[in-house]
Amino acid sequence: MNAAIEYWPFGVYVGAVVVVIAGKLLASHFLGERHRERVTGEAYESGILPTGTGRLRFSIKFFLIAILFVIFDLELVFIFAWAVAIHELGWPGFWGLMVFMGILTVGLIYEWRMGSLDWIPRRPANKRSRPSTLSSKPEPTR
Amino acid sequence: MNPADLQALLPILIVAGGALLVMLVLSFKRSQTLSSLLTLLSLAAALASIPMAMSADADRIAPLLVIDSFGFFYQGLMLILTMVVTIFAHSYLEKFRMERGEFYILLLLSLVGAIALAQASHFVSLFLGIELLSVSLYIMVGYIFTRAKAIEAAVKYLFLAAVTSAFLLFGMALIYARLGSMDFITIAHLLREHPLDDPYLLAGSVLMFVGIGFKLSVVPFHQWTPDIYQGAPAPVTGYLATVSKIAVMAVTLRFFYSMDLHQQPGIAAALTLIAAASMLVGNLLALFQDNVKRLLAYSSIAHIGYILVAFIAGGERGPEAVTFYLSIYSLALLAAFGVIAYLSPSDRDSDTIDHYRGLFWSRPWIAVAFSIALFSLIGLPLTAGFMGKLFLVSAGIQAEEWLLVIWLAANSAIGLYYYLRIVIAMYQTSDDPQSEDSTAPPFALIIGTVIGLLVLSIVWFGLHPESLNLWIRALSTQP
Chain Z
0 MNAAIEYWPF GVYVGAVVVV IAGKLLASHF LGERHRERVT GEAYESGILP TGTGRLRFSI
60 KFFLIAILFV IFDLELVFIF AWAVAIHELG WPGFWGLMVF MGILTVGLIY EWRMGSLDWI
120 PRRPANKRSR PSTLSSKPEP TR
Chain Y
0 MNPADLQALL PILIVAGGAL LVMLVLSFKR SQTLSSLLTL LSLAAALASI PMAMSADADR
60 IAPLLVIDSF GFFYQGLMLI LTMVVTIFAH SYLEKFRMER GEFYILLLLS LVGAIALAQA
120 SHFVSLFLGI ELLSVSLYIM VGYIFTRAKA IEAAVKYLFL AAVTSAFLLF GMALIYARLG
180 SMDFITIAHL LREHPLDDPY LLAGSVLMFV GIGFKLSVVP FHQWTPDIYQ GAPAPVTGYL
240 ATVSKIAVMA VTLRFFYSMD LHQQPGIAAA LTLIAAASML VGNLLALFQD NVKRLLAYSS
300 IAHIGYILVA FIAGGERGPE AVTFYLSIYS LALLAAFGVI AYLSPSDRDS DTIDHYRGLF
360 WSRPWIAVAF SIALFSLIGL PLTAGFMGKL FLVSAGIQAE EWLLVIWLAA NSAIGLYYYL
420 RIVIAMYQTS DDPQSEDSTA PPFALIIGTV IGLLVLSIVW FGLHPESLNL WIRALSTQP
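Protein chains in written order, with numbering that gives the first Met the number 0: chain Z, 0 to 141; chain Y, 0 to 478.
In isolation and in its complexed conformation, chain Z is listed as follows:
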């Protein structure tokens, strides 16, 4: 009986998890649209009829830039945390951060050499099948 009193916050937590998940599923079950008409599946564009398909081809570059941004943006968080405590950490902290920056620099060099930072592709699209083209010889830029 004593245990039941001691653990009530955990019980509430477990109960809340069940209630929230069940609530979401039930709410979408009862509130969700389930009728199927001719234009139900169409996207709503302020009353204008949508044209064409939504399955467009985007350049993979957008994805790549987004990933690179996330990586280098997150680095900043760690450096900021170090900068706030710079006096307390002293030289060991400095060298620790230098190691961290060194690892990131290797990553940056790799990205750069792999051509991830070139906005305009240097050669036709089928480069995946020809690894030998990524040699150290710089190709003429257009």
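Derived by calculation from the structure, the hints in this document are not laboratory data. We treat Cβ as the ideally placed atom computed from N, Cα and C, and that holds for glycine.
A partial selection of chain Z residues facing chain Y, derived with a Cβ cut-off under 8 Å:
1) I102
2) V105
3) Y109
4) R112
Only some residues are given here: those of chain Y computed to face chain Z with a beta carbon under 8 Å:
5) M22
6) L23
7) S26
8) F27
9) P198
Please arrange chain Y on chain Z, whose structure you already have, making use of the hints.
Showing chain Y alone in chain Z's frame:
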């Protein structure tokens, strides 16, 4: 972090530095051979640094890692096995026209996680190690992205591993909520005052074992094993089945033994059930497989069940037997996956039993090596597998776990049947001309030599088990 600490961390630092070096060199010179040579070199350097690291005047990198000979033994074992995987992967990937050098970066990074796990003594290093090990493995499993099966395996592994990581984390959180510590040693002290039937601790340890059990693929958490073993490229499967399991087993040994969890009545009963179920389910399902990789996957579930017998038994012989069996099992399994990698053409892995029909008549040496590896997995005398099983059984008898020992013996008999099916197929005369093609893989001589060395070591340790056991006894008495 003083110089002695850095010296004790040399193996981890060298492997991590090796990953960076391979990455840097890869950005200027794309050559698979160069990448794999650098990988081998950094693995060898890490292996050579172990004696130096052992002489370091440090016993703890507080609070994350503990420096002891147990950890160094497992690190050495994993470094050697990864060297073998590197050689297999080099020959295997040579057949594919794709970016191959990155494979070695991933291999080294996941090894950093694995060897850190061997020294982990804190929930944080346990979790970091497991994640570092698995995140690289997700990509390695799906590395041959032109195969639909590989992508399927990678996605399955990613989702299941992510879900079980959540279990592991929540279990850690519950234990931390109760005891206020994430350090194994402090927890062990606190547990002496707290009864383990406390709901937080019980729920926490059960949830943590779900996470660990997934990585070890023991029975209720085993469903992913066959699909991922089948879909992954043969060298990666070899790595997944040996290094990843050794690392998790090492940290589980340390975790359970530092707080004597395996001797708590409730947990011991659960472990016994899991061990018995793993042996039975793994062996029974392996009976129905025609695919060699799936068969080895199911049998690996059974082998972890065997290992758990000594794990539960504990005492003096328990950890010794676990370590011995893991080493021997890994050598035999890597030899088997080496043979599969050797025989696989580039379009698919040759993994059905039909591929091996009549192998002896076209490639006698490979067939003999494969047979010896399978004999060791069965546990036939004169191979190391027999000595491994003997140690497991003697650890079980010492702890008077009679039922488990009898169960182990009965299940080994089932194992005999499905392993021998492959062996018999290899010595039949083949009337299918398709399996007669004998194009050797790239670097056939090197990979053949490595398989030969593995097989020789299996036979050597079968005849002279004391040579390995002395090492284990000297090094790993204190998990």
